[in-house]
Amino acid sequence: MRSGGADAPEGDGGGIRAVSRAFRVLGAFSVDRMSLGVAEIVRETGLPRTTVLRLVETLQAEGMLEFGADGQVRVGTRMIGLAAFADAAWTLPAASLVRMRELAAATGETVSLYVRRGLHRVVVGQAPSPNMLRHVVQTGDELPMWGGSAALVLFGLEPPAERDELIERTARSPESQSDADTIRRGVESALANGWSISHGRREPGNTGLAVPIPADPAAGADAPARRAVLALGGPTIRFTEDKIPGFVAAVRACAEDIARTGLPPALH
Numbered sequence: 001m002r003s004g005g006a007d008a009p010e011g012d013g014g015g016i017r018a019v020s021r022a023f024r025v026l027g028a029f030s031v032d033r034m035s036l037g038v039a040e041i042v043r044e045t046g047l048p049r050t051t052v053l054r055l056v057e058t059l060q061a062e063g064m065l066e067f068g069a070d071g072q073v074r075v076g077t078r079m080i081g082l083a084a085f086a087d088a089a090w091t092l093p094a095a096s097l098v099r100m101r102e103l104a105a106a107t108g109e110t111v112s113l114y115v116r117r118g119l120h121r122v123v124v125g126q127a128p129s130p131n132m133l134r135h136v137v138q139t140g141d142e143l144p145m146w147g148g149s150a151a152l153v154l155f156g157l158e159p160p161a162e163r164d165e166l167i168e169r170t171a172r173s174p175e176s177q178s179d180a181d182t183i184r185r186g187v188e189s190a191l192a193n194g195w196s197i198s199h200g201r202r203e204p205g206n207t208g209l210a211v212p213i214p215a216d217p218a219a220g221a222d223a224p225a226r227r228a229v230l231a232l233g234g235p236t237i238r239f240t241e242d243k244i245p246g247f248v249a250a251v252r253a254c255a256e257d258i259a260r261t262g263l264p265p266a267l268h
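First residue of the sequence shown? That's 1 in UniProt numbering, and the numbers climb one at a time after it.
Don't take each hint at face value.
Unchecked claim - Pair by pair, the computed Cβ-Cβ distance ranges are:
#1 E188 x A83: 23 to 29 Å
#2 E203 x R43: 23 to 29 Å
#3 T139 x G76: 21 to 27 Å
#4 G46 x T240: 41 to 47 Å
#5 D179 x Q60: 40 to 46 Å
I should point out that these hints are in silico values taken from the structure, not numbers from a laboratory. Just so it is clear, CB atoms sit at the ideal spot from N, CA and C, and this is done for glycine as well.
Make the full structure from the sequences, and use the hints.
Spelled out as structure tokens, the structure:
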């Protein structure tokens, strides 16, 4: 689980505030932070201590959290079933993961599969670069939609009637470092080219190159592209002009193969 942090918005649109806050508490935990004190949860979520205590007590009653003998808060047993369900829904088919690993080995760069969730893009599959100097994200990480090649391609997969509103909302979000016109131009370029590249837009010294996952060939010629993007990420110094055409061809070929071998069940 990933924390939204003190400045994270409580939900994307409508919803119930208490539910959003409960998820912020759960999001304070991660594989590196499985046990937290109440003060740490307060600091991580930016919520008042009384609110955190009330939410922890409610989540404890539901089995989502529990207090250890040391007084620390930790993940509860009810999360086991939810984790198994999520894993089954979002795990890539073995053949698709093997193909991503082949691409990472061939290019020397990290390969990631992204989908959009609200104003963020989420890593749902990854094959890390074999190099020590590499782009580092983990499955489950949420990255902003205001910048990066994967975000621009994901915008392009949205219906035109909805795309512009989504771009405007992204540009207005507190974390955004791009205005709507800049994002819109990047999306238009991605749609025209069928791929996108971004140098240091989200993180200096890092480059991303992304293509959409096409429709399953078995679904027919008129089937729409999947709302998923395959991206290559790594140090900008390795994305030289002479390498980019080969990278584009390799990522496209991998995306076409994944369209056949399959995406996570949740995307079907």
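Taking the hints in turn, this is what the structure says about them:
no.	hint	verdict
1	E188 x A83: 23 to 29 Å	violated (40 Å)
2	E203 x R43: 23 to 29 Å	holds (25 Å)
3	T139 x G76: 21 to 27 Å	holds (22 Å)
4	G46 x T240: 41 to 47 Å	holds (42 Å)
5	D179 x Q60: 40 to 46 Å	holds (44 Å)
Checked against the numbered hints above, the structure breaks only hint 1 and satisfies the rest.
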